[in-house]
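Undergrad: Order-wise, the sequence lines are chains A and B. To convert, count from 1 in the first sequence and add 1; that's this note's numbering. To convert, count from 1 in the second sequence and add 308; that's this note's numbering.
Hints are computed from structural coordinates only; laboratory data are not their basis. Mixed in with the good hints, there may be bad ones.
[To be verified] Below are the DSBU-like pairs computed for lysine-lysine, each with C-alpha atoms no more than 30 Å apart in a straight line:
{"id": "1", "chain 1": "A", "residue 1": "K179", "chain 2": "B", "residue 2": "K631"}
{"id": "2", "chain 1": "A", "residue 1": "K179", "chain 2": "B", "residue 2": "K398"}
{"id": "3", "chain 1": "B", "residue 1": "K631", "chain 2": "B", "residue 2": "K477"}
{"id": "4", "chain 1": "B", "residue 1": "K398", "chain 2": "B", "residue 2": "K531"}
Given the structure is predicted, the values throughout are model-derived calculations rather than measurements.
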Amino acid sequence: MGAASLRVPTQLPPRVLLALRIVVFGLCLAPAGLLLRDLFTGGLGVNPVETLLRELGDWGLRLLLVTLAITPLRWLTGAAWLIRLRRMLGLFAFSYVVLHLSVFVVFEHSLRLAGILDDIANRPYILVGFSAFLLLVPLAVTSTQGWMRRLGRRWKQLHWLVYPAAILGVAHFFLLIKANRWTEPLIYAGILATLLGYRLARRAGPLRRSLGAPALRS
Amino acid sequence: MLIRIPRSWEVKPSEITPESVYRDRRRFLRTSALAAAGSLVAPGFVTAKPMDALEPLGELPDSRFSTDEPANDYDEITSYNNFYEYGTGKSDPMARAPELLQHRPWTVEVTGEAENTGTYDFDDFLRGLTVEERIYRLRCVEAWSMVVPWAGVPLASVLERARPTSRAKYVKFYTLLDPEQMPAQSSSGFSFLASIDWPYTEGLRMDEAMNPLTILATGLYGKEMPSQNGAPIRLVVPWKYGFKSIKSVVRIHLQETEPETTWNLIAPEEYGFYANVNPNVDHPRWSQARERRIGEFFKRDTLMFNGYGEQVADLYAGMDLEKHY
Numbered sequence: 002m003g004a005a006s007l008r009v010p011t012q013l014p015p016r017v018l019l020a021l022r023i024v025v026f027g028l029c030l031a032p033a034g035l036l037l038r039d040l041f042t043g044g045l046g047v048n049p050v051e052t053l054l055r056e057l058g059d060w061g062l063r064l065l066l067v068t069l070a071i072t073p074l075r076w077l078t079g080a081a082w083l084i085r086l087r088r089m090l091g092l093f094a095f096s097y098v099v100l101h102l103s104v105f106v107v108f109e110h111s112l113r114l115a116g117i118l119d120d121i122a123n124r125p126y127i128l129v130g131f132s133a134f135l136l137l138v139p140l141a142v143t144s145t146q147g148w149m150r151r152l153g154r155r156w157k158q159l160h161w162l163v164y165p166a167a168i169l170g171v172a173h174f175f176l177l178i179k180a181n182r183w184t185e186p187l188i189y190a191g192i193l194a195t196l197l198g199y200r201l202a203r204r205a206g207p208l209r210r211s212l213g214a215p216a217l218r219s
Numbered sequence: 309m310l311i312r313i314p315r316s317w318e319v320k321p322s323e324i325t326p327e328s329v330y331r332d333r334r335r336f337l338r339t340s341a342l343a344a345a346g347s348l349v350a351p352g353f354v355t356a357k358p359m360d361a362l363e364p365l366g367e368l369p370d371s372r373f374s375t376d377e378p379a380n381d382y383d384e385i386t387s388y389n390n391f392y393e394y395g396t397g398k399s400d401p402m403a404r405a406p407e408l409l410q411h412r413p414w415t416v417e418v419t420g421e422a423e424n425t426g427t428y429d430f431d432d433f434l435r436g437l438t439v440e441e442r443i444y445r446l447r448c449v450e451a452w453s454m455v456v457p458w459a460g461v462p463l464a465s466v467l468e469r470a471r472p473t474s475r476a477k478y479v480k481f482y483t484l485l486d487p488e489q490m491p492a493q494s495s496s497g498f499s500f501l502a503s504i505d506w507p508y509t510e511g512l513r514m515d516e517a518m519n520p521l522t523i524l525a526t527g528l529y530g531k532e533m534p535s536q537n538g539a540p541i542r543l544v545v546p547w548k549y550g551f552k553s554i555k556s557v558v559r560i561h562l563q564e565t566e567p568e569t570t571w572n573l574i575a576p577e578e579y580g581f582y583a584n585v586n587p588n589v590d591h592p593r594w595s596q597a598r599e600r601r602i603g604e605f606f607k608r609d610t611l612m613f614n615g616y617g618e619q620v621a622d623l624y625a626g627m628d629l630e631k632h633y
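Next up, chain B with everything else stripped away, as it sits in the complex (with noise of 0.2 Å):
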């Protein structure tokens, strides 16, 4: 066996920049001086992002929330998506949305029962907030699931500053409705991308809402959110279907009663409200029970909770949940 003892003047292996950093920073000279190009020319320019364009968020605090499953490779995460407003494949979000959706300007509305409403702009929604990486497992209701490194605070963080009244028991969120930026809104005529009534929405029961495992994410694996994951900002609730984790999100309303959300008006015996991951209720065309992970080729057992019945179960206790599903 052949020892090799490297000599003082000898670089580290460790040391070298990998290529793909090396070439990053080359892409981030390049895009810094495009975006600042671009400022100089036309002042509150709006913004597509393609794959390249997305910046690094920085240091990102760690979560005791976090899984420490190996996560999915970035283009497992970025390309393959049920981001029907690109179509209804899997790989449409992937190829449509980067160069249609516009990043900024972005708004968030906060409206409903709350002292603190308003519509704030993207930076100063986030303001006072620290973003910190969430690895979570994400589980979609068609029985596949992925591990993803999340960037985001949390929801409750949100609402908390909205200051909620005492008759704000429900919080609904909304994507953006624009056609010109999300195409599948636009569609007519016999399809079912046509019968979805747009903006797509979601719900979730106050006490969800501000369960510290519910946050808004602004991006994954250290960068900003890639269009086709929901960007700038979308919803993410680790123990329900995917489905519930809304994406782009530009409305959060509080109210009193149970929002109508977009699944459960299309199909409702096949899309419950609560949407909790439960391998003991199944889907009527499909078993619950079992998932496979994204880069296994063999299924695996499902989670209650997806795994996050810990933090989540108390939210539920005496609850049918066969018939809440």
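Bound-form chain A, shown alone (with noise of 0.2 Å):
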């Protein structure tokens, strides 16, 4: 009795999981909300730019990293609901990472195409985030209902293209430190690992039963 009572519910009735969704949905805009804030209160600091720009890189890896979390959390838990948020934060995630290039574009280049294209083509730490964005594109226009249906099989296989982006935000990371501060990055490279290797130790086969599994079908 006690064991099941601490098992995490499959499903949820209808009401909880929106009720759910509206909280995760609250917490997601928080952080752009408190970030407008500071905005207009000065609490970003002397140099606002600089701190919009990095806070919101950090939240869109964070939530991107949440996102790639929902599918081992399933795994270990056995709550399906939990798939039914996985969209909403990538989304959320991707639209920190729009906020983050635009600050970039609009504040650090003044929207000139020509120093754009000049950093991307001479700084590899630009390149490599530009390159996660670019993947991220395509990733949040076939996010809906209708493009799931359309591409069928092929969703999943495009929808694959989420673990060279996580990769390629966090080497953004690594390459764009000064002085050496390597603890931040590397704790985000650490639950990306985390995330990444416990997928591919799930897909080796003797290991899937001890990790909690489903029971194959064929």
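Fit chain to chain and form the complex, with the hints in mind.
TA: Okay, structure coming up:
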């Protein structure tokens, strides 16, 4: 009895799921709201553009990792409803990445194409970050029910791109570090390695059962 | 339109002491009373300087080298600093330096290739020199910039007094080494700060050091130097990236060979010995063509030698500045 009551429910009643989705939506929006407030109250410090750029990038990467954590969490807990949060998390991650890129394009480069292209061509961390963004674009575009239906099996193949995108995102962080302050990017790399490692380990046959995978079909 | 003619007995708005000045006066009285009490109790006491204890330097002569660009706010200049002795974050120096850095006693050693070497108490070091205001642009290698109203003395006047020998080709500067006052100097383990060979050092070629733009600054905005900006005395070389302008100087050493300098030792391919502001030579990870003036959202073009080419371009005639970055 005791053990059973601790178990995460496989399904949630629609109203509970809706409430949960509203809460998660609010939580994802909160960093943007706080940044907006700080922007107008001077809370971003004396170099607000720098703070904004860093914070938006951080949140893009964080939410991308949260999105990637959904599937392993589902495997571990059996909570099938988690998948209903994934698209929203992924789209929020993409939104923060877009805002991050927008600050870069508008305030770092005053919308001048020549400077942006020069940066992409000559600064590896910008090339890597920009590539991560490009990989995320088709995923955001095809995130709708309509595209899922239209693409069928290929939808999943296409959305495999989230892995290289996340790896490039973490690499982008590593490459821009000044003064060897590796701690923060190392934390992100560790989380990403755990999430990807778990998937790889699960694909290796003998481990399937011990890692809580559902029984094989065939 | 209402035209109001003030009566002769009315106090003109310009005659009313602004509240900040009035409060400053009270603070000044309070701190000087405290200082007086302190000197009775413990002669030769050491003092850290919280921000509100910084004393005015009095009337400072202007300089023809000052820019007429609007200066950044005092808050901006004192809250956004690179001073790794207190941590790598921009607000670490503001948070930690004022309570830790002891402004007095402070000694400056002059050593090496000079006839008049010696160790000076801070006040003796400045004796006979006129502190003047120098409003300079400051360009950080990280592509941001400020305008700072420094107070200081020409480095040349200090060096002339030392009477350099003919072998004095370079000047090396040392920051204080004292982990009690500069906690990051005792960083250990797998951290970037632990990998730095403290104390922080910087260097100039003799002609750069003698250039009239180069100053030893002892204050800003007409007051004593705040701890986080490199109190009580620091170098300011306005045509070079900010990291050349070493803070909290305790030793000035004249020598024949090009000195080793901290950032050049950490990453020689990123930070050269010369480190002249140059929009045409990029840092490996970012362009130096533009900069963000603190207080502005959009970037502006960076000027060659930070706009001081007229005074310093000759120093580098015939040099390949791509090579000597």
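Undergrad: Against this structure, judge whether each hint is valid.
TA: Hints, one by one, checked against the model:
1. About 22 Å separates the Cα atoms of K179(A) and K631(B), which keeps this hinted pair within 30 Å; it holds.
2. For the proposed pair K179(A) and K398(B), the alpha carbon gap of about 13 Å is at most 30 Å, so the pair holds.
3. Among the hinted pairs, K631(B) with K477(B) is consistent with the structure: their alpha-carbon atoms are about 20 Å apart, no more than 30 Å.
4. Simply put, K398(B) and K531(B) have alpha-carbon atoms about 22 Å apart, close enough for the 30 Å limit, and the pair holds.
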